Structure formats: C-alpha cells, structure tokens
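Participant: This is what each chain is made of:
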Amino acid sequence: MKAAAEPARVESQSAITEQIARIAADYQGKDEPQPLLDYPPYRSSRLRHPRSPLVCVDPDEVERWAPCFGSRDVDPVDADLTAGHPGGPIGERIIVTGRVLDATGKPVAGQLVEIWQANAAGRYHHQLDQHPAPLDPNFTGVGRCLTEPDGTYRFLTIRPGPYPWRNHQNAWRPAHIHFSVFGTAFTQRLVTQMYFPGDPLFGLDPIYQSIVDPVARQRLIASYDHDVTQPEYATGYRWDIVVAGSRQIWTEPNADDG
Amino acid sequence: MAELACTPGQTVGPYLHLGLPYAGDNQLVGDAHAGAIRLHGAVYDGAGDAVPDALVEISQPGPDGRLVRRDGSLQRKEAAFTGWGRCATDAAGQYSFRTLTPGAPAGGPAFFAIVVFARGLLNRLFTRAYLPGSDLEADRLLSALDTSRRQTLICVAENGGYRFDIHLQGANETVFLAYRGDVG
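Top to bottom, those sequences are chains W and H. Each residue of the first sequence is one higher than the one before, starting from 1 at the first, in my numbering. Each residue of the second sequence is one higher than the one before, starting from 259 at the first, in my numbering.
In case anyone wonders, no lab produced these hints; they're calculated from the structure. These numbers were taken from a predicted model, which means no experiment stands behind them. Each hint should be verified, as a subset may be incorrect.
One side only, chain H facing chain W, incomplete, derived with CB under 10 Å [to be verified]:
1) Thr265
2) Leu278
3) Ala281
4) Pro319
5) Pro321
6) Leu332
7) Phe370
8) Arg382
9) Leu394
10) Arg407
11) Gln409
12) Arg421
13) Glu431
14) Ala436
Which bits of chain W does chain H cover? Going by a derived footprint, with three or more residues having C-beta under 8 Å, they are [unchecked claim]:
15) 12-23
16) 87-94
The C-beta atom is built at its ideal place from N, Cα and C for all residues, glycine as well.
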C-alpha cells in the first residue's frame, strides 16, 4: 500500500489567528504605528526582514529631496482606470479621493501617486495570479496621477474583490488598492494599501494585522463619503495619506529652481 | 501645531509589477551618454536565495555632486538626467541601473540613496550605497559601524560601474536606516 505523501505543513486560519492575537497582546499599549517587519503570521516575511535594528542617521541632502514629476510624466487620463479599453469594466464603479499631507498638515502638491489593484472578481492582471476567477478584458487595474496644489489625488476605478492567497489554509486578503506615494523628501517614500470599511476579513489577515496598534491600522481604511458619490454614476470613498519624515529640517535656498 | 499621525506602510505584494515598473524606469541616462555607468546587484533573503519580487529605487546627485530638480523620470525619451530611477528585480533577483556616477555632496562622500520594497517585506527599507575609494572614514554613518557592517554599505567597483548587493537578512545583512527627525 502506498503511503500517503507527507503533506506540506499548511497552517490553519485558527493557528494564524492565534499567532496574530498573541503578538497583539505582546504589543498592547506600546507605541508601534508601523507594521512589524518581523511578523511570522505573514509567512513570506520570515526570511525577508532585517534582524538588526535600523541605524539612525541624519538625512543627507539627497535624502531631503524627493524626485520631481510633472505634467509630461502623467497624462490626466491615467487616473481613470475604467477607461482605455473597448468597453467598461465589470464591477461597482467607485471614486477614490483624498489628500497627501505631511505630518504638520501641509499638502504634498504636484507629487506622484500610483495605484494598482485586482478586478471586481479578485483577480490581478498579472501572469503570476492563478486565482481561477475571471480576468476582465476591460480592466487592467493600474493608475497614476499628480496631486493638486492642496494635495488632492483622485481616481475613478471599480471596487476590487477579495482574493485567496497561499499564506495558510483558506487565506483571503481583504479587498484593497495598493498605493505608492512620494512626499517632498526621499525619507517620506511610502507604499501601502487602502482598505474598505467594514471588511469581514480584517481580523483574519496577517498583512493588515502586522500593524499591531489597532488605531494605527484603521488609518488604512477609507471612509464612505456621500459628498464624493456622484448621482447615477459612482460611489465615493475618501482616504487621506500622511507621509512621515515631515519635520522641515532643511529649507530650499532657491524655491523657484526647477 | 499638533502633528498628524502617519499612514502605516504595507508590503508591495506579489503583483508589484502590475503597478510600478515602466519603460525606461532604470535608464537614468542612455547607453551612449558620456560617463554612463551601470549600478547593479541582487537582492537576497535570509536563506541566501535571490528575491525575484523586489523593487529598488535610487536617488542621487549628478557627477558634480549637485541635485537635479527636473521632472521627466516617467518619460525618459524626452528627458535629461533626473537623478531618480526604479528597477524591479528579475527572476534571478537582479536589478540594474544605467546612470551617472554620483558626485560627492558638500561635506561628505558620494553615495546612492536606496529604498527597497519586496513581497514579504512589510514596509520599505532605506539604505545607502557608498562609492568605494572616496573618503569614507570621515563619514558619520560609516565611522559609527563596525567593519563588517560598514562593508554592506559600500559598492564594489567593477569595469563600467558598481555592484551593490542587498541582503534583507542573514550574516551579510545590509545596514538599513531610520532617518533622524522622522515622526513616523
């Protein structure tokens, strides 16, 4: 009789949930507003986080500047993810807007915001995504825009679906949109994910829960905003982004240069 | 003034290639540009395996040590050198930039400012790739590190450019940075 093959060790959701709870208890009350890089419930992080502490350094001049993008870099139609195909995408059309600010509340103006996301069925237009959900020939899921003088960005897209992944048995990611954001300094570079209010998968997801401070992780959840919603067209979500490293420790001698 | 709480980071995930790379992203100058060099390397995990789903961005001054404030990084064909570039790692974990040698800024040695993203990495990591041979002893960051750690921040000179490998974890783990003055 053939012996059953040794099954790959795949953890259950309950085992992952228990790890999430244990780590959260260890960090209760501690000031930890960013994700833990060493977060074993997210299996892929185990060999991909530094073990030594970060080394503190005064930013040099090149680190006190951000790259500069302009109107020749970004076409305004790039902010409409529902355009550019023969037909409209399937799904719930949404407007996602907000402001990019530094920690003093100053707008980050004229700066690049990039997004990418799954389609309404939870499938990415990416060769590595093997989730057996339909691709949408009318949706790629990539957008970019420049912020306005008051820091406002705005995208028209469709609401992405949740999708399964292989972190553990029956693992599902809450629906999200990936955001890539620049501030006014290299030190403010941020890539993150925006989530939707009330998602039932929040408590089960080790990527979201890697931010162990419950107040901090709620900063990744957009708000439904009826003032953003457009009649007969699209529902609206608002999400402001605050970049770090905001103290103005160096001022530009010639603000008009370039 | 009260400070706003910063937005937490999250991993770029496995589908970063959908949103971030673009044509010419790693070509800060054309191959024929006078003084063009190659900055390249690999990203490794704690087991020493290459990371095929990482992304590296660089910021640097021009050869004269001065920063360039110029748009056009997303439309290289029209653009002059902007001092900024992006490169996703390939299946072998390799990244490569065509760029210019950064000049030394006032008061310090020359380096590329680097930020690394990857699937499995929950927030970006900053580091520096210093040019070898320049006056590194006086640098405040390097002089505060022991020799083996310091070596992780120094490029290897090669014919036609520099190599800078990035180890996210392990015996050769790269020194990663937090910037003083950050509030997040």
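Participant: Each of the hints needs a verdict: does it hold here or not?
Facilitator: Each hint, compared with the structure:
1. Thr265: Status holds, d = 5 Å.
2. Leu278: For leucine 278 of chain H, the interface hint holds, since the closest Cβ of chain W sits about 6 Å away, which is under 10 Å.
3. Ala281: violated, 12 Å
4. Pro319: Holds. Min distance 6 Å.
5. Pro321: Given a least distance of 13 Å, the restraint on proline 321 of chain H is violated.
6. Leu332: Leucine 332 of chain H check passes; min Cβ-Cβ to chain W is 4 Å, inside 10 Å.
7. Phe370: Holds. Min distance 8 Å.
8. Arg382: holds, 6 Å
9. Leu394: Because about 14 Å separates leucine 394 of chain H from the closest Cβ in chain W, which is outside the 10 Å limit, the hint is violated.
10. Arg407: holds, 8 Å
11. Gln409: violated, 14 Å
12. Arg421: violated, 20 Å
13. Glu431: For glutamate 431 of chain H, the interface hint holds, since the closest Cβ of chain W sits about 5 Å away, which is under 10 Å.
14. Ala436: holds, 4 Å
15. 12-23: violated (count 0)
16. 87-94: violated (count 0)
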